[in-house]
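Engineer: Going down the list, the protein sequences come from chains B and Y. Letter 718 of the first sequence, counting from 1, is numbered 717 in numbering that gives the first Met the number 0, and no numbers are missing. Letter 159 of the second sequence, counting from 1, is numbered 158 in numbering that gives the first Met the number 0, and no numbers are missing.
Just so you know, these hints were derived from the structure itself, not from any lab. Keep in mind that the hints are not guaranteed to be accurate.
Examples of chain Y residues lying across from chain B (beta carbon under 8 Å, computed) [to be verified]:
hint	residue
1	Leu29
2	Gly33
3	Gly37
4	Glu42
5	Glu74
6	Phe99
7	Thr111
8	Leu141
9	Thr145
10	Tyr147
11	Thr148
The calculated label-pair distances, taken between Cβ atoms and stated as ranges, are [said to hold, decoys possible]:
hint	chain 1	residue 1	chain 2	residue 2	range
12	Y	Glu40	B	Ser702	42 to 52 Å
13	B	Asp484	Y	Asp90	21 to 31 Å
14	B	Asp753	Y	Glu40	55 to 65 Å
15	B	Ala433	Y	Pro61	26 to 36 Å
Please read all numbers here as calculations on a predicted model, not as lab measurements. Here a beta-carbon is modelled for each residue, glycine too, at the ideal position from N, C-alpha and C.
In case you want the letters, here they are:
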Amino acid sequence: MTIRPPLGRIAAPVTLRPHLPSSGLVTPSAPFRREGPAKLTGTALYTDDLVFPGAWYGQTIRSTEARARLLGVELDPGFDWTRVVVVTAADIPGANIVNSIQDDQPILAVDEIRHHAEPVALVAAPDRALLREAVAHVALRTSPLQPVFDPLASSQVFAHYDIQTGDVEAALAGAALVVEGEYRVGHQEQLYIENNAMIAVPRDDGGVAVHGSLQCPYYVHKALRRSLLLSDAQAQVIQAETGGGFGGKEEYPSILALHAALLARACARPVRMIYDRHEDIAATTKRHPAIVTYRSGVSADGRLVAQEIEIVMDAGAYCTLSPVVLSRGTLHAGGPYACPNVRIRSRAVATNTPPNGAFRGFGAPQTEFAAEMQVNRIAEALAVSPLELRRRWLYRPGDTTPTGQVLRESVAAEEALERAAEASEFERVRARTAAARTSRVSRGDAADGHLAHGIGLALAWHGAGFTGSGEVHLESVASVELTGDGRIVILVGSTEMGQGTKTIFPQLVAEALGVPMDDVEFAPQDTSIVPDSGPTVASRTAMVVGGLVIGACRRLRAVVEERSGAPFADSYRADAQAHGPTRIDEHFEPYPGVDFDDTTYRGDAYPAFGWASAIAEVDVDLDTGEVAVRSVVAADDVGRVIHPVLAEGQVEGGTLQAVGYATIEEIKLRDGRYLNDRLATYLIPTALDAPRIETILVEAPFSGAPHGAKGIGELPMDVGAPAVVAAIHDATGVWIHDLPASPERILAAMASRDAESQG
Amino acid sequence: MSVQFTVNEEPVELDVPGIRRLLDVLREDLGLTGTKEGCGEGECGACTVLLDGAVVDSCLVPIAQVDGHAVRTVEGLAPRRPDARNPATPDNLNLLQRAFLETGGAQCGICTPGMLMAGEAFLASGQAPTDPAIREAIAGNLCRCTGYTKIIEAIALAAARREAPG
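I would like the entire structure built from these sequences, with the hints used as guidance.
Structural biologist: This is the structure in structure tokens:
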């Protein structure tokens, strides 16, 4: 047996950037993360760190079948049930529905079980040992029903879209080159390091306060009001410090809060429901698996003339947010390329698997993977550089999208592409890998140490904010208050989950009011204190809510300066003393000139788009199929950079999640159950797997936002996977159509290529 | 069983089942909730603490094994331990914490306490702060937010400042 050196790294020192001198403390170029010191000293309080004396522990009784008739919840008569509480659907005072887009998902199953790990009953006990004992004495009586696992065989459609422009059939018929492909991507787990967690505390007014790890306090608030029949004030939702979300704490916390609240109501005590990792992976939402079939037509003179795309997303057993995930996936499926003839048909269907939901990118990573695979494969077919082909096809200002949206401004596809290409020396590296490939072929595969190097490119767009008229329907409100004692307080429902809301909002306010940032407070995300500024999702917080906050500041400043006749910074404390508190509520107004028709799917699908390019370099072990992603250069257009360190952090983190999606992250299912529902078996990249990531922040401001900012969080998620797969192709010569590009898939593709070339 | 050990140099004496996890003793018996639980099976490293200076996953350590030993947690890093009256500030951080703050090494913060302890062990080892050495040192600590870039940078920065105190 020969021992090969591992896919090693060069023992280079870490290069410290100029703003971080190696001695002495520095005045930072951007403010420190506001809650940073608390997080760094272990004093930041996450849900499981909160202490409520006398709290009980709650647990969910879940189905162990994918589909069954539920005949009964049986409590062992030999167990003393007076020591614990048990809740079933019959104990829900209001609607047994988890409030979302459709009213199809029960809080606790009745009659029919539709997926493995579906909640059926709840138990709470004063201590964990008794809870375990009680849970062991609950049994579900069921009779099996025939499940559906194959989305292509599912007849239940949650949502479907059909976007058409031009005449695709005619354009494909007249095309000089037609490239077809089918691409399959699987589930991906958000894998925030803090599991879902919620504590419900009964309130004196008969309501309930929930403290939890969550992205959207007002989603939870609405769900509690509806199913527990509570008033606005009786339902109180308080965000604890949140250890990552990535979409995984967008809609799921609603059901968990309902469970905890029902138990708290039953035992009249605080109830803690802190998932362990196994339950969190087994039961909570994942990125939707998708099957995308694609036909692209290219004219004799090399123009992209047709795209015919069909998308099937597997929603799982309940609708959750699938219609909007599918909508975003559909609207982005063409990629950032002008094409006169496009037809995109899509559907999200039900299967008897746990419901899928929001995850960074929200449908776009699935379809843009397919779009980029097509462009890279066409470049190969035309023997054109993938960089050069994109230069010809990418969106420029004035181009029209398949929904008829004219891209009037803030179009930075070209700049993102060129800057990534330049920083990575794309063409130079590509020439070198091509030469290495040629010499490998001429000398035989084994000759150069088994490792093949490759470079790959991808480009993407990502609509900032809610799709279509979503922002109009949200009616978001953000407030800024000058309190009677002269403090400046930001009141928003937008949450901090690591991305930096608590830092950038005080920055924006300080700038708008002309005061030091330390004088600006950020009110806690508690529905009894802050207004509904919409969910913290869809890369909308900096752009949409940030814009509202600035609007509120401008009005506040005008009011105070009008009264005082002096600059705000010099007069606001005296103004507060003289006039008492002044609070400005800023309501969302539609962006001028942005119009979308939800019924025809024509018009401006998004107020603005962000643009991203990623260039990945990989080493592939030709004997084992093992991939090491060495580096990624990521150029992302965010409109305006508010805080460079936080912005880079978003790009770096999103890039690594995309690298994981491309290479190792995969859920395996058997009979509708996730097999690898532990962290020992669902793998995410470690520091040893992570590439060196170089971030380039591009700024093409959006005029509709007062500060010009667009979104950032989701952009890097769209480009990483197709760039890595293109790099694997550059190294090996084979295309991997399904994610993840695992060693097994790479070896199989190389074997089938070799068999073909010999046959 | 009765166990005696130190946490952040303060003596502790407890009567607890010997099989009780060090993680639960820290969080629930001693109220030191800075140490986090991410998976409970030694995969994520969120519960990393130092046991006689060595990196351990406190979810895998029964308290019986801690008897007579020294535990160090994130609460022991800052020069003055912050509490409700003295909240954490940028000026009351140790070298590594400060480097994390400057580079942006903490985002959601849930992996941060464990990451800091792994980083402290690396700094104490005296190894050269090369990129692969730092990656190796934190390979048992998962982070989903940062892509590790700024964490590696923070540890390298702290190492450089230790060499050249200014």
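Engineer: Does each hint fit the structure? Answer for all of them.
Structural biologist: Hint by hint, here is what the structure shows:
Hint status for leucine 29 of chain Y: violated, given a least beta-carbon distance of 12 Å to chain B, over 8 Å. With 8 Å as the threshold, the beta carbon of glycine 33 of chain Y comes within range of chain B, its nearest partner Cβ sitting at about 2 Å, so the hint holds. Below 8 Å, beta-carbon pairs count as interface contacts, and glycine 37 of chain Y has one with chain B at about 5 Å; its hint therefore holds. A distance limit of 8 Å between C-beta atoms decides the matter here; for glutamate 42 of chain Y the minimum to chain B is near 4 Å, and the interface restraint holds.
Among the interface hints, the one on glutamate 74 of chain Y holds; its C-beta lies about 5 Å from the nearest C-beta in chain B, closer than the 8 Å criterion. Because the closest C-beta pair between phenylalanine 99 of chain Y and chain B is about 6 Å apart, less than 8 Å, the hint holds. For threonine 111 of chain Y, the suggested interface contact is upheld, since its CB lies about 5 Å from the closest CB of chain B, less than 8 Å. At its closest, the beta carbon of leucine 141 of chain Y sits 6 Å from a beta carbon of chain B; the interface hint therefore holds under the 8 Å criterion.
Interface hint status for threonine 145 of chain Y: upheld, as the beta-carbon distance to the closest one in chain B is roughly 5 Å, under 8 Å. For tyrosine 147 of chain Y, the interface hint holds, since its Cβ comes within 8 Å of a Cβ in chain B; the closest pair sits about 4 Å apart. For the restraint placing threonine 148 of chain Y at the interface with chain B, the shortest Cβ-Cβ distance is roughly 5 Å, inside the 8 Å limit, so the hint holds. In this structure, glutamate 40 of chain Y and serine 702 of chain B meet the distance hint of 42 to 52 Å, their C-beta atoms being roughly 51 Å apart.
Distance hint for aspartate 484 of chain B and aspartate 90 of chain Y: a CB-CB separation of about 26 Å, consistent with the stated range 21 to 31 Å. Checking the proposed 55 to 65 Å range against aspartate 753 of chain B and glutamate 40 of chain Y shows it is violated: the Cβ atoms sit about 41 Å from each other. Against the hinted window of 26 to 36 Å, the Cβ-Cβ separation of alanine 433 of chain B and proline 61 of chain Y comes to about 57 Å, which falls outside the hint.
The structure does not agree with the numbered hints 1, 14 and 15 stated previously, though it agrees with the rest.
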